[in-house]
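Sequence lines, in order, name chains Z and V. Counting along the first sequence from 1, when you hit position 76 you're at 76 in my numbering, and nothing is skipped either side. Counting the second sequence from 1 gives a position; my numbering is that position plus 547.
Think of the hints as simulated: they come from the structure by calculation, not from any bench. For glycine and all other residues, C-beta sits at the position ideal for the given N, C-alpha and C. Take the hints with a grain of salt, since some may be wrong.
Examples of chain Z residues lying across from chain V (beta carbon under 10 Å, computed) [as the list claims (entries may be wrong)]: (1) Phe25; (2) Thr188; (3) Ser189; (4) Asp426; (5) Asp432.
Each chain, letter by letter, is given below.
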Amino acid sequence: MGITRRFLVPGVCAAMALVVLAPLFGRGFTLAYDMVFVPRQDLLPAALGLGTALPRAVPGDAVVSLLTYLVPGDLLQQVLLAGALFAGPFGAARYLRDETTGVRLVAAVAYGWSGFVAERLFIRHWPYLLTYACLPWIARAARTLRTPRDAATLVLVSAPAVLTPTGGILAAGLAMVCGGTRKLWLTTSIAVLLNAPWWVPAILHPGSTLSDPAGVTAFGARGESWAGPLTSLLGLGGIWNAEVVPASRTNPIVPVIVIAMTAIAVLGMRKLEKPMVGLGVAGLALALVGGTPVLGWVVEHVPGGGLLRDSQKWVAWWALPFALGFALGAGKVASASRRGRTALLAAAAIIPVAIMPDLAWGGWGRLASVDYPQDWAAVRQILETSDHPGDVVALPLGSFRQFAWNGDRTQYDPAAQYLPRTTVVDDTLVVDGRAVPGEDARAAAVRKALAEGRDLAELGIGWILVEHGTPGRISGNPLKPDERIYHGRWLDLYQLGGPPRPDETGRPPKAPVITADVLALATVMLSVLWLVLPAGSLGRSSSRTRE
Amino acid sequence: MGKLVGAIASVLVGLALATGVAVAVSSASAPDKGVNLEDPAAPNGSGSGSLSGGGSGGDGTVNYGSSGP
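I would like the entire structure built from these sequences, with the hints used as guidance.
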């Protein structure tokens, strides 16, 4: 019985991850929306924030790149997703380690089977899922922060969360709030160091760090049912993209259940730390502000304000107090009832699954694995072995593709990750048929040059990759038949004549960016050593040597 | 505790069964739309032009998503 009790919670967490991700296991890549994994990703300057675009996927791209030198990309993708979906609910249960198994189980299910997990999984924001998984561990590590060993633990549980700027802010905010004012200097220092790989290139970026306010309306939180955005956000949903919302979230009964769950959660939140609850409410408020003119002004006038425009992501701060509070509240209600305590807790654990069954089995088939056509490997090999200089531009212009070989799923263009050279991908986003301008000055210059029929070699471009079987047109006429050196079913590769000129688009300076990367990496490595090596062991060994 | 374990186990088994049945039903009613190498939208040599395909945006670009109701 003891063993059963001990393994019940991790077993349920593993079962939840398995039920969701089972269709993905095996060889092949899950490619849709923002998630791009490739067999092997080269470490290119953009992955470190040294490209012409803002460092939106930094240092995540660099970490994936290094890991794919060790593990094939498809396996890495499955490990990361499974790890995130297991660690999140398990961490929520561990946070309530002094509570009964039943209460911990409710916390695990409420945190792991949530609207946030479903919608961010279906839009394939895997770094956000990693951050979400780390939040319970960060809250616990920050709350018990006393010794250097605790600080090392906080660094390590924060490290997977800071692969993107948004993740870094979510992790830093929670650590600072849960650590309290006395440890604010320490939690702030850790946050500054771990997030340095993206904030250093961001502030040194020579181009504008302002974003187009058009994106604010498009990416604001939205109501998924008759009850409006607030209820959707309370239930951890409300993402901007209606296409990735599970159908169950639009059920008219769901808002009623969400309000009931919130009431139970508020009951249980009395046992939680007030700053954590306060941060959760702040996250809700921030998510609600998305889509309003206030945020439009911020995005247009405050550098880096574009980080706020996909506003639903801030409910990640609300998720932890909501799930923990719901579990504690359910436990409180169960304790107060003389009969049926077990049934009450079991019902509380079932509710999150019952109101959103379509998260199971990869969202009823939303997630599936495919293999890249052989053309991709062939083009990669040409670019690897050729002496012809220059970067690559991917056509048709546009960030997203719908390849027939991937079931016409909307997916980010994999060229920038798959190819071993810097690849210019147009960062204009089209939402509801309206274009939201991007921020990459070089992509804008390439777009203009193509429209005017100018030579792309002036912009440092030596190659053109044409992707077939996906919507999109090519403006101008940059393609000459005699320059085509690869002709495949899905890809053509053109080698432009003559050496390209060096691209003069502004980039952040290398030295401070590399220094920031080294500092962040050293912080993580030192924390590992601090936890692995016995305290004072180096001192003892050196004194023995002297003896 | 025993009852809780029993209840959770029953739920998990029930969910797993329900998941399996639902997946089977959905698979039967809407066959997998996965890889389609045999009948692509507009790959090279399909005769419908290699630089344009099915199209989802107004100018042929791919929509990232829809923020509508």
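Hints that the structure is at odds with (numbers, increasing): Result: hints 1, 2 and 3 break, sorted rising.
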